[in-house]
Amino acid sequence: MFIRKKYYMIVMLACDLYHLQKIVYMFLPSKNLERGIDLKRFGALLTLVFTIITVLTGCESLLVLDPKGPQAEVQANDIKMSIYIMSFIVLVVFGLLAYMLIKYRASKQGKDYEPPHIEGNIVVEAICVGIPILIVAFLSFMSVKSNYAVESTPKGYENKKPLVVYATSSNWKWHFSYPEENIETVNYLYIPTNRPIEFKLYSHGPITSFWIPQLGGQKYAMADMVTTLHLAADVPGEYMGRNANFSGKGFAENTFNVKAMPQDEFEDWVKEVKGTAKPLTEQKFNELLEPGHLGQLTFTGTHLGFLPPPEGENGGHNHGSHNAKMGTEKNEASESILESEHNHH
Amino acid sequence: MDFFDRFAIPHPSLAIYASMVAIVLTVIAIVVGLTYFKKWGYLWREWLTTVDHKRIGIMYLISALLMLFRGGVDALMMRAQLAVPENTLLDAQHYNEVFTTHGVVMILFMAMPFIMALMNFVVPLQIGARDVAFPRLNALSFWLFFFGAMLFNISFVVGGSPDAGWTSYFPLAGNEFSTSVGTNYYMIAIQIAGIGTLMTGINFITTILKMRAPGMTLMKMPMFTWSSLIANVIIVFAFPVLTVALAMGTLDRLFGTHFFTTNNGGMDMLWANLFWVWGHPEVYILILPAFGIYSEVISTFARRNLYGYKSMVASMVIISLLSFLVWVHHFFTMGQGALTNSIFSITTMAIAVPTGVKIFNWLFTLYKGKIEITTPMLYALLFIPLFTIGGVTGVMLGMSAADYQYHNTMFLVAHFHMVIIPGVVFAMLAGLTYYWPKMFGFMLNERIGKITAWTIGISTLVAFMPMFFTGLDGQARRMYTYSESTGFGPLNMVSFVGAIGLAIGFILLVYNVYYSIRYASRDISADPWDARTLEWATHSPVPEYNFAIVPHVKSEEALWDAKKKRHILFQGNYEKIHMPNNSGVPFIMGSIFFIWGFALVFSLWPLAIIATIGILACMAHRSMEIDHGRYISVKEIEETETKLRGAK
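Chains as they are written, first to last, in my numbering: chain D, 72 to 416; chain C, 1466 to 2113.
If you are wondering where the hints come from, they were derived from the structure by calculation, not from laboratory data.
Computed from a predicted structure; not experimentally measured.
Quick reminder that beta carbons are idealized off the backbone N, C-alpha and C, glycines included.
Where hints are given, some of them may not hold.
[Unchecked claim] Lysine-lysine pairs mimicking BS3-like chemistry, simulated, CA-CA at most 27 Å apart:
| hint | chain 1 | residue 1 | chain 2 | residue 2 |
| --- | --- | --- | --- | --- |
| 1 | C | K1823 | D | K179 |
| 2 | D | K216 | D | K232 |
| 3 | C | K1775 | C | K2029 |
| 4 | D | K182 | C | K2029 |
| 5 | C | K2028 | D | K179 |
| 6 | D | K174 | C | K1823 |
| 7 | D | K182 | C | K2030 |
| 8 | C | K1835 | D | K174 |
| 9 | C | K1835 | D | K179 |
| 10 | C | K1915 | D | K182 |
| 11 | C | K2029 | C | K2019 |
| 12 | D | K182 | C | K1833 |
| 13 | D | K330 | D | K231 |
| 14 | C | K1775 | D | K174 |
| 15 | C | K1835 | D | K182 |
| 16 | D | K174 | C | K1833 |
| 17 | D | K179 | C | K2030 |
| 18 | C | K2030 | C | K2100 |
| 19 | D | K179 | C | K1833 |
| 20 | C | K2029 | D | K179 |
| 21 | C | K1915 | D | K174 |
| 22 | C | K2029 | D | K174 |
| 23 | D | K179 | C | K1915 |
| 24 | C | K1835 | C | K1915 |
| 25 | C | K1685 | C | K1835 |
| 26 | D | K182 | C | K2028 |
[Stated by the list, open to error] Ranges between beta-carbon positions, derived for each pair:
| hint | chain 1 | residue 1 | chain 2 | residue 2 | range |
| --- | --- | --- | --- | --- | --- |
| 27 | C | T2077 | D | P350 | 54 to 60 Å |
| 28 | D | E185 | C | L1674 | 33 to 39 Å |
| 29 | C | A1480 | D | P350 | 45 to 51 Å |
| 30 | D | P350 | C | L1479 | 45 to 51 Å |
| 31 | D | I202 | C | Y2096 | 56 to 62 Å |
Build out the structure end to end from the sequences listed, making use of the hints.
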């Protein structure tokens, strides 16, 4: 099904090339029609741009452009908007190039024609600077606005209590700790829909990047700093998650499954885990950290108690949030994490 | 034997053993060939000890082309591996090594020397100088680059290639996660080559500022010289950062310091920052001279002066300043927060403005011109649309919130290939074709040249456009494989086809060289393209002293105005010319650096100490040496000039 969509895209691309060629000819002044050979070449270039635009409008199937959460939607909107604006610039450049090449080819000029000496023209150059500045200013405005949007609780979710999940990577696995629920999973992530999720990211090894394309962009997980990624899922469903940052031999398979479900289903799942899963001991966790791949695992308790995250005073990089000293007691530890986060946000 | 174990390859394969045999056979063939044809003396006297900027330029060129094929084979292996889902052509380890060496080789050992080749060959000629300011330093720069590149290239047969990516992020590149000597090679080979580059920067700034022909004020310099000046200023500011970062990385790996480790006060993020504080300006070190080449080529073949000379210069100056203010955009996702990202997002997009000015100026240079599409011009005309696609996607990547989705994906890979290939590689191929007659005294075949340009141009699109889509569909870069259910297969196959097209293009380039050596006419004028700047005012190929009489310059298009306005370039009589002597020291010093680097890679301390003493001895020798150069007599000049003129 997925693959079929891709083929459809390629077929569409081929159709576009054929149709748009004709359209390009229609728009060009008629006297140029006789010079078909040149036009073919540069018409083809123009066609390419049109093709890109049309293909893109038909690529809703691409993961990033098929958002299932508010953050991914902000990003997808930015991407689409910038594609439209950039296509305009590409068109202008291609158009100018085609015009110059059609009009000023040596073969179109007299034998004695001597091109004039033209210095820069202040008006022309002011336009060439001014319009790009306007475009960049507009994009900057969009970019800054979106920056603050993706770096805070998703819009429309401000009043809901966030679910905090510690997502940590080790070669080449993902560990998801739910301090509030006091459970932990490996290589799969269950989240409730319609509730902001606050991911606390760090790594037990090389730098990795936590990425669920349909819920929102990625962020690094590093060994000496905890980073925060705000996501939310609007729609229940299963999503692809992966490490996007190269981290050695097992990088390609460093993926995880995400399942978003309504809150009550999520709670049922938590209850079930607490009833059935084995507790996560320090010894067991150290085994999990060994380099390699694992399937999906579930535990009660989290590793945050015996292996505190690099935040607070000793982590030193989490920008002013107060030191969350971990108790040895698991429950106490997770509570203090929650507390510190709530104070911070 | 414990001692020899360290030189073994950790992950051997048939291909690597075959390469070892091939390397040994090639070396034997070269040695036997040189001996049989009694060329050792010629090689030593004319090339290994030369300080002539033109010959050094040609040696850079040959090295760059060799490295282009090394990096190209890497690229083909990667695209072949990814062409179908779950391919087993390469395993993860080999794939990681291949993309690491592909990146390092292409940026540092292909693009850089290619730029250096053209700068070395062209700049002194363009400014009417006899050589660069410090010819022997220039030779040393080349040999340091050369031996750095060689050291890097032996890694895959001795001890194992680096496998932490060309960015070599810590802690992955640290001892804990990279246990082979591969990353040592990375740190030390790039260090050696980088020192050479830094020297080149100093050398060319001095040359351009102090050795211009009389009358050539700064604002009368040809655009390629301008772009070289600015690129070298960037080198001098950016490369020390790399030097320091690599030194710290080396200390971490060899001596257990904790600059970039994640415990004991080290910080992995520091490496990323230092790397990109160098890495981003590096991009402009590559692209600005490329822009310079396009300016020369477009102006020559539009038969018009370059439109907006002053804004061209101003835009390059602004680009060079901004290039130091954008490095964070390489890791928007590192968690520095919305404010920092916003600032770097704006500075990044701001670079589009001066770059846009340049694109428009080239377009307006075509306006009212008399455009002749030769091979170099064809590359320039293919560059404009393709680079525009690469450039606008760069603006998209500059939007930091959206970048969270592009980062580390094939979208990014598509972007920088669409910038670097049309931007730098096409420019180098244009420059190569354009300056070939000046270098070797005959022209490359135009018909084969144009077929090559079209092949490479179209293949670039076919190879890299699909990556924009797979990237947006969630294909991360540097994945050695993917499952069929991801649906990445068909588009990756298209990319592979494009990669094959590129390979065919580059083979055509080699064929063109072969064909032209055999069949091209040697009877060409000094100015076969009807060009506009000084380098075309002397003979092809250029005599050792460049210009028999130092030219007097009155405008920024010195030769054109000499042709059209009857400006007189060469006034007065021949005088004896002061030239520098050849020296074997740079080559010897480079070789010792190679041994030094090799010793450090494998922690062979006694050898490393001996080599260090050797390096210091070479420097001491240079300091004590009295060498005032030599003079070419008027009689010799007259003979050479008569001969060169007579031949034409």
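So, going through the hints one by one against the coordinates:
no.	hint	in the structure
1	K1823(C) with K179(D)	holds (26 Å)
2	K216(D) with K232(D)	holds (23 Å)
3	K1775(C) with K2029(C)	holds (23 Å)
4	K182(D) with K2029(C)	holds (16 Å)
5	K2028(C) with K179(D)	holds (24 Å)
6	K174(D) with K1823(C)	holds (21 Å)
7	K182(D) with K2030(C)	holds (20 Å)
8	K1835(C) with K174(D)	holds (9 Å)
9	K1835(C) with K179(D)	holds (8 Å)
10	K1915(C) with K182(D)	holds (24 Å)
11	K2029(C) with K2019(C)	holds (13 Å)
12	K182(D) with K1833(C)	holds (14 Å)
13	K330(D) with K231(D)	holds (20 Å)
14	K1775(C) with K174(D)	holds (26 Å)
15	K1835(C) with K182(D)	holds (10 Å)
16	K174(D) with K1833(C)	holds (8 Å)
17	K179(D) with K2030(C)	holds (26 Å)
18	K2030(C) with K2100(C)	violated (32 Å)
19	K179(D) with K1833(C)	holds (11 Å)
20	K2029(C) with K179(D)	holds (23 Å)
21	K1915(C) with K174(D)	holds (21 Å)
22	K2029(C) with K174(D)	holds (25 Å)
23	K179(D) with K1915(C)	holds (20 Å)
24	K1835(C) with K1915(C)	holds (19 Å)
25	K1685(C) with K1835(C)	holds (23 Å)
26	K182(D) with K2028(C)	holds (18 Å)
27	T2077(C) with P350(D): 54 to 60 Å	holds (57 Å)
28	E185(D) with L1674(C): 33 to 39 Å	holds (35 Å)
29	A1480(C) with P350(D): 45 to 51 Å	holds (49 Å)
30	P350(D) with L1479(C): 45 to 51 Å	holds (49 Å)
31	I202(D) with Y2096(C): 56 to 62 Å	holds (57 Å)
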